[in-house]
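Assemble chain B onto chain A, guided by the hints.
Chains as they are written, first to last, in our numbering: chain A, 386 to 470; chain B, 11 to 557.
If you are wondering where the hints come from, they were derived from the structure by calculation, not from laboratory data. Worth double-checking, as some hints may not be accurate.
Restricting the straight-line Cα-Cα distance to at most 25 angstroms, the calculated cross-link-like pairs of lysine to aspartate or glutamate (DMTMM-like) are [what the hints assert, rightly or not]:
(1) A:Lys412 x B:Asp100
(2) A:Lys426 x B:Asp91
(3) A:Lys426 x B:Asp100
(4) A:Lys415 x B:Glu327
(5) A:Lys412 x B:Glu63
A quick note: this is a predicted structure, and the numbers were derived from the prediction, not measured.
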Amino acid sequence: MTSFEYELKDPNGLHARPASEMIKIAKAYKSTITIVFGTKKADAKRLFAIMSLGTKQGSQVRFDFDGEDEKEACTAVKAFVEEHF
Amino acid sequence: MNRLCGSSLFAGYGFGRIVIHREVVAAKTEEKSQGYEAEKARYEKARQQVITETQELKDREAGQLKESELDIIEAHLAMLDDLDLADLVDAGLQEGKTAEQAISSASDSLCQMLESSGDEYIAQRATDVKEITSQIAGALAGRKALVLAEPTILAADNLGVSTLLSLNRKLLSGIVLYNTGKTSHTSIVIRSLGIPCFIASGDIDDSLAGKKAILDGGKGELLTDFDSRVEEEYSKKAEDYKAEQIRLESFRDKPAVSKDGKHIEVCCNIAKSEDATADMASFSDGIGLFRSEFVYLDRSDYPDEETQFQAYKKVVETFGKKRTIIRTFDIGTDKKADYFHLPDEDNPALGYRSIRICRDRKDLFLTQLRALCRASAYGNLAIMIPMIMDESELDYAIEMTHEAQAQLKKENIPFNPDMKVGIMVETPAAAVISDRLAKKAAFFSIGTNDLTQYTLAIDRTNENVARFSNPHHPAVLRLMKLTADNAHKAGIPVGICGELGHDEYLLPFFLKIGIDELSMVSTYVLKTKAMVSEIDTGKVDLDKYIG
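Bound-form chain B, shown alone:
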């Protein structure tokens, strides 16, 4: 048996024969032009063919495609008709290039033009340019449209959205993508269509063509040359997976309620505004943790107020009445942005990070708070301050929030004056004085990853001690219970965000101590709702956890 591995894009199993597809045809540089008129005619014929195919695709699929997919096709049609493309190709042909060479250099120029706009959204449209120009190049090479004849696993290099959408979905059982990023249009469309898929690196192995294959999207594996025993094993897995999916789907519109009627909110953790989708807003109860530091990372300079405002507003609007909790930036030497110019430290987890930086860099904190307060006018937004260990830090954060709001009021910019300010409970100190913090914080959210590392004194990034770490340690759990009890005494809600949110062993404990909200990676939300429905808190023995 042979196995090809990669990184999962969409879970599920696919069975079929492998078809190889390469979207981009490289122009041969050594070929000579047949003369301007002849090359021009060839180019025009190819371009018209692509326009016709794209138009047909649009007409055929219009009813089934999502708005965003239709957008892409519309943009392609406009680009195929664009004067800049026509001029660039024409100039190339005048210089004595072949149609293939002219389209290839026009494509490069247009991509450069878009990438130089300095705008990420526009720069991404370079993908669309590459796609339409490679379609024209394909038409020039006399390539026929890809048609599937039997259940197929597609191994595709630079797969374009139009090509993907043109395929018979009933026969497309899985895809292995090459040279395609997880956030590309193609990847987004594959996820929305729900096709089992993973991304492989390197080049397509041509010997795979025509082979019988099994694709495991969740694991990111493609199996070939297997015996019937493996095939049986996988068809059983696929059946179980399907049945489980159907069972979990039934929880989509339902709240998470235990057997004895205890309700708990199940929310999602996100890192980027693009992560928040309408689908997520439909099956979860909100965003329990938006890690805003990701708005700061992978940049060369501080994001300004407007950039941040747009990112926060987008998420808040997507979730409407459901609450979005945005954590102010948790930057430190472990999650580092160069322009912060943070000194190197021996022990970053115990070092200069998040609220500690905010206390020195008032300007920075105020910019983020202004952006957050502005976004609060557009939905149900709450903010959460990380790394709190005493009341003065919370006082400072609340004071700064009031200052941001006062500034906005003066400038006649709308904000929600009732926006809640809560804290992360992730230092043992915060848990121990949670009675005092509860008097000032609007809510608590227990950050289980950091609370575990600080309580057990085990660096979570140090592989040598990873095996000693135990998030089920009664010390960690007692701190959680103490925090929950103090929150409830003060009448404020308490949530859990971090890896433990969907921990099967701890779920009964969380329900028993009255945790109000769990926040986790979105893929675990339905599973967690299903697990909650099977718990009877009357039967949970707290001693088992903290006795």
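In isolation and in its complexed conformation, chain A is listed as follows:
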């Protein structure tokens, strides 16, 4: 498994518009991608799941990647997240 942690800078957390762009990237990989926020978890390929995490600015989240292309998936998602959230 590959992971990275990130503190959200966007005032609205992981909100709809950039999240939907991130999903497009996530869907390009076979790996399972999970966002962990406290005790909640969400599939990074599902918009509603991500939105209902209720993250906001300052929230500490972790992205877990599991599968054959996890390294590549992590690099791509991390680059997007750092730029947009």
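Structure of chain B alone, referenced to chain A:
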């Protein structure tokens, strides 16, 4: 003549024939599934149709839509493609539901999921879910897109943003909204498009369909079955309104300056951070009063420092270099938050409120001051303490502000060390000793509503005595002049916030006594600038007001 009344959303007049639109189609529970494959195919076809329509709308309007409107459409496209929606619908179809029933129950589950996030912003996206799912349901029912053929007054139940944006704006002369809140996406978009509109309660009366109608958005009225005399009267009103709007618009970028060159700032009063818009920042000189108690009301527990910081920062950033004055909370038994556990009082206006609570509840006051000081790093923020009646209260507030700043400094959190701390002058006591208070306060803002009620001993919430109240009473005006004179002697600015800020009778008086700033409901700002431009302070006779 028939008249339908409601609550104004956007002023202006509209003329046209009534078209009725209901966004949500209820799924019939008694219908039977045609089998999984058949229902799945129907659902997919409907979903694809909505995606195509939404995509076309986006491509067509991309150049004209605001960022926030585009956001909504983008979110809709993402939701239409979402796996959670697909899974929920599929599970419903597997259970033997029809496509209509499956989309309806999927919609409920997703809304619940978003509403349980505990985050207001996310919970609001439930509106978007309802909108896309009702569009799919509409497509399933074979509903054609709404197309306007002539000047139209739309009577719409649960109007969706996509539907609204898809309409020909040249033919959409007015809207009556049903089952839609003033802060919904739809309402926000209607205001930004400037369509005359009001919100009605109850259900749409189907007999209105096709009738000739006049809509008065400002009054919140829809007229039908009228004669030609009424029609003439209203087209005259509409023309006058338009001409007045054009005249007022010319003041948008101009400062308020009297005929003889006296300048006065004209600012806005707001209650919530969402009230502060970029548009407001463009036509006014700042925020003269942000009533921060609204950050505390309608909640079950105290807002924490972070929540408050975000609310204040948003306003301060929206206004940039223009000043935002935030009043520390004015909570009392008249504006009550249950979790404060305030005792019931016979006379709340003279009771335990605002700074008086702060003196006992240091923790509470310090949390707000920390949030305010943090927000001060992001723009031009000043704070204002309400209900001051003597110097010790102001000393306490300044001391607490310094304590908040010292804490932040220790924690390496940025703040503006030069943030100004001013006071509301709303008790006659503060006005009478304004010479002494002016030595310590960075500015004054006269709260006219409370100053009037305390000076005249008339409870502003008591209907029995309302007719005796007179905010033009020379006693109130003399206190204002005394306050202004003392402020200027000490070299500090003085403002007016409260209903009287845009009072046509008092405006010449305010300019004459050298009031530096007026703050009011944003809709009066341009009008006030226009009125100021017609005043010659050389011709104002003070005796008329206070003699």
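| query | Which hint numbers does the structure go against, in order from smallest to largest? | reply | Failing hint: just 4.
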